[in-house]
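Visitor: Read top to bottom, the protein sequences are chains A and B. Add 26 to the 1-based position in the first sequence for my numbering, that's all there is to it. Add 9 to the 1-based position in the second sequence for my numbering, that's all there is to it.
Keep in mind that a hint or two might mislead.
[As the list claims (entries may be wrong)] Computed Cβ-Cβ distance ranges for the label pairs, DEER-style:
1) A/345 to B/283: 30 to 36 Å
2) B/308 to A/96: 54 to 60 Å
3) A/65 to B/114: 36 to 42 Å
[Said to hold, decoys possible] Computed footprint of chain B on chain A, listed as stretches where at least three residues anywhere in the stretch have a Cβ under 8 Å from a Cβ of chain B:
4) 225-234
5) 269-281
6) 306-315
Think of the hints as simulated: they come from the structure by calculation, not from any bench. Every residue gets a Cβ at the ideal spot worked out from N, C-alpha and C, and that includes glycine.
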Amino acid sequence: MMEGRTTNSTMLKIENLKTHFFTQKGRRVVKAVDGIDFSLAEGEILGLVGESGCGKTVTSLSILRLLPAAARIVSGRIILGGENLLEKSEKEMRKVRGKKVSMILQDPMVSLNPLFTIGDQIAEPLKLHKKLAGTELMDRVRSLLSAVNIPSAEIRRREYPHQMSGGMRQRIVGAIAISCEPKLIIADEATTNLDLTIQAQYLKLLKEIQERNRLSMIFITHNFGIVARMCDHVAVMYAGKIMEKAPVREIFNSPAHPYTEALLGSVPGVDYNEERLITIEGQPPDLADLPGGCSFHPRCEKATDRCRVELPPEFKLAENHHSRCWLCEK
Amino acid sequence: MVTTNEHLLEVRDLVKYFPVSKGLVLQKVTGWIKAVDGVNFSIPKGETLGLVGESGCGKTTTSRLILLLEKATSGSILFQGKEVQTLRGEGLQEYRRSVQVVFQDPYSSLNPRMRVGDIISEPLVVNERLPKSAVRERVAELLEMVGLRADNASLFPHEFSGGQRQRLAIARSLSLHTDLIILDEPVSALDVSIRAQIMNLLMDLQTQLGLSYLLIAHDLGVVTCMSHVIAVMYLGKIVELAPAEKLATDPHHPYTQALFSAALPSHPDEYREEIILTGEVPSPLNPPAGCRFHPRCEKVINLCSEKEPVLKSMGENREIACHLF
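Could you build the full structure based on these sequences and the hints that come with them?
Guide: Take a look at the structure:
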């Protein structure tokens, strides 16, 4: 919904966020998120890309403060619409979750409760946050169902998740996510479980909803195709740090970090005609025992002696384009 | 040994219907799920056939039929010119030795209680009577072939990462001098940077050993990159079959066109005609009459709902099942 803001007002700003996991005796510290900064303007879509275990999901769970018991936010600020979420009490956070920030997870069979009708599940946040009841509530449920292109809403709202296909279930999760008109939606691998043609349908639907409501979105994915299709800005994560962030065209046209470059090169496209794919040798590092210096250096082809010792700071290459690599030092 | 022009594997009119039954004691068959319904293709020696399609289109059932893990309702599977479904004893063992499979999830396809060396050598121990030292030598050779160290043989699967485990699964499938490997989503459980490593490994092994692959995947990029020929399946039928490059750059069948247009772009500026299909894949229990794709097809004509199109050759090795051609 338009609220008379200027187009560039910042919706979310994350400063030096560190989320670490501690083992019971505190002997090992897993630095899942280790000092990340990014900001997201209103109506903008940010793609958070990286391999599994690089800290994408922990970042999103930190924003909602839904971390498992072993994890702790060690430092940083998460500013949503002018308020620092890390200073809020648990009670105040409840008014943020689902109302200001909502989430779409990967597997709709897990994120929907099999024992409640989908109508009940869409109504729940509306009762809680908007205090809707009676016919007003039902009208809103029906309009949400039709907003996510579910036909015959009146019949469908009485059905259970198992009666629907994977694509429909994921659309229901989408309806729940937009039910309270949040400002920010975090989609964590939201289309990974969907078939190709259903994925195309779902991405189109999300884009329409996003544009209609001027939502900010964070798309967590490992798929550069989704980034190319949906996002305005991209942040590439590796071992708990953002290696490079830039507007989407700059990432694809002139990736500055060797990791981004290799990651882009290793994705086979439909129009691919090279004989061999570019690979990144080795494995992602153990987050409890990171290599010294730049954490990517053991797998980097361009690594120098300096990379092995000194951690590169974030270099500014252009407005909005930052890269954490010594090669970008001028 | 077959000559290069001969097909290693040929599948003719393969059909698999699963019965749907009702009742606990007196089971009555109330319907049939037409998982695979008249599929034809062949794989030449040293080449890869990619089988693509959405979930539930019969890709995996087809592979299980070839592996003789399911009994086909009708149709024939010819391996090196011989029907395999009637094989017994020695002949069957020989076939099982020549055809191997690599599954999607290397976490569930490797026994966590066995050492890597035992996992890889199990097919050898079962099928060939070799002295222990020869087995050990072969295991070391296989491990090095897939890019692991020979001394890894004494470790357990949990000590390896996902990509390394998939390498182990590949090593196991190669242990018996295999001719054909069925790759059922071999890279979809892996990370992007690891995926490319495994794809390169599979392609290198193919050139080195002259292997044939039946590649089942839903990622069009992976299939296009690895296959020589691609067959597109929809609800148990092949709708289009063509050399990989031709199919990817110039798809003919409306379903193939929609599928490739749904494949995500590799660059934000890439122009792609957007064909967003409405609806979902219908149930194979009660597939639509006529062409099975007609309820979702943009170019549907009257004939489509009446008569089922057959797969016909269009020249240039392209086959297509659509009334428009």
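Visitor: Hints numbered earlier in the text: which of these fail when held up against the supplied structure?
Guide: none
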